[in-house]
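Asks: The residues making up each chain are set out below.
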Amino acid sequence: MIYLQLFLEFLKIGLFTFGGGYAMIPLIKEVVLKYNWLNESQFLNMIGVSEVTPGPIAINMATYIGSTQAGIGGAAIATLGVVLPSFLIMLLISILLKRFMKNKYVQGALGGIKGVAIALICSSAITLLADVLFPYKVESGTISFAPQFTAIKIFVLTVAGYFLLKIILKKKPGPIAIIIMSAIIGLMVNYL
Amino acid sequence: MKAKFSAKDLLQTFLVFFKLGIFSIGGGTTMLTLLQDELVERKHWIDNDELMEMTAISESTPGPIAINLATYLGYKRCGFLGALLATLGVVITPFVLMFCISLFLEKILAAEAIQYAFMGIKAGVVFLLLKVSYTLIKGTKKDLFLILTLVIVTIAMVLFTVFAIDFSAIYFILLGAVIGLLIYGVIPRRKGGKK
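Protein chains in written order, with this note's numbering: chain A, 404 to 595; chain R, 17 to 211.
Don't read these hints as lab results, they were simulated from the structure.
Misleading hints may appear alongside valid ones.
Derived list of chain A stretches under chain R, where covered just means 3 residues or more per stretch with a C-beta under 8 Å from a C-beta of chain R [said to hold, decoys possible]:
id: 1; segment: 511-519
id: 2; segment: 537-546
id: 3; segment: 559-568
Fair warning: this is a prediction, and the values are worked out from it, not measured in the lab.
All C-beta atoms in this analysis are idealised placements derived from N, C-alpha and C, irrespective of residue type, glycine included.
Chain R with its partners taken away, still in its complex shape:
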């Protein structure tokens, strides 16, 4: 177990998530766009499908999504130590920064330049999210079930948000898991059995 992961692997795991911790402004979804770029497109640690499956699992387990994803990906890469380092990496910058901010919050809020920069970042994050949505849809294998899920859930979630209806995404994820289990797991096996 000890010799399985080199110090270089561990350091790399920490550094990747450290970098994500610095730039994931606006929470879990921004982090997701960064993860997709860094780990899927550049480093090839995982593919889009696995990233999406893990995102859904992270949404259905307690706690911040960024922590869930860091723990999973760190573990996958380098076992327990990897999970620990990835989580630490993603937490450390926000922690230090927020601690400093907490000492003089009101002054920072008043700074005009900071407000303008964040106005820009917000618009930038909108573009990032649209871009990653497009990449994910383009990259996934589209069968009828996937297309239906995509259209129905997207429309439903947008309407729920606009009309402030309190409906947890977990129900959609659970439903998706059950239907997926039937369609992909049980039915093909039966068909195979008949032949």
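Next comes chain A alone, as it looks inside the complex:
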């Protein structure tokens, strides 16, 4: 029974949220509180952990809730539920696109969304930069910033490290190298 419940609830979440993991948070919260699977503070802890563990946040949350409710089987079935709708829908789109990719109108529409997609990435880069380095508060129409000096230090050192590695290795360090480097810098800045 709990398996079926987990599967169906996460299937619903996977089917009805557009725009990725962050869009799922309110829906998951509703479900989790309805069934008493987690309380509010446990839920917030789970989101915090999901944000810093590898992989899509939706998968992290489904695995966590499934596991705490019904062990490894629950984790598997909740994850399957949340993945299945996107997998099937995207598979269908892939098959159709392969056939119609060369179509003039499809090409036009794809060209139109390209700029939007780049803009969405730029805007998340800017808002994340603000969130992490200069957290802001909006109060009665005015914005105030509270610079996080430790985070700024880590950021600057990471950028410097990137260019240093680029010169020493004579090739661009990949994103994985940057992530590992920034974790080490995070430890160093706090402990040294």
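Dock chain R against the given chain A, drawing on the hints supplied.
Replies: Chain R alone, transformed into the frame defined by chain A:
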């Protein structure tokens, strides 16, 4: 159909997404920076334009963006099996890791070193996102429509986030698709017809 993709291709597809699953900390956008580096810059499976088009489609279809992208790219590379393996590859590490974490979450949260490492990773991800934004803007063909879209949508989305206005990016994507269809699809054809 059976002989079309070799076991090596399938294994490679799985391994690429397995690797992305390990390092995409912070969700879909981080995964995007990894995908751009691995599949566009290094392996040349797709180009920046196609990656962006697929990202926009992933944003407008249900579910996690990482899953949508893995399914599409896996299918493109190796058909249905490729889609399945890519999706499995991207899910498996987060699944195993999160399962282990769920067994003793509170203890992990309390570990100071882990918090500091993640403080570093967050700042690193900011740099990754800025870097990929720059690469994408530099690499795309810039016409007036693209520049306008870029400026308007970026500013609008930043303002919506700062002032906590609930506005889904899907509307921008749909609008972009319609305008793109008119500008790139319909109008050039008419002009061609007149000549």
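Asks: Quick check: do three or more residues in the segment 511-519 of chain A have a beta carbon closer than 8 Å to a beta carbon of chain R?
Replies: Result for this restraint: holds, n = 9.
Asks: How does the coverage statement for the segment 559-568 of chain A fare against chain R, requiring three or more residues with Cβ below 8 Å from a Cβ of that chain?
Replies: Since 3 is at least three, the answer is holds.
Asks: At a Cβ distance under 8 Å, does chain R reach at least three residues of the segment 537-546 of chain A?
Replies: That given contact holds, which follows from 3 residues of the segment 537-546 of chain A lying within Cβ reach (below 8 Å) of chain R.
Against the hints set out earlier in the document, no violation occurs for any number.
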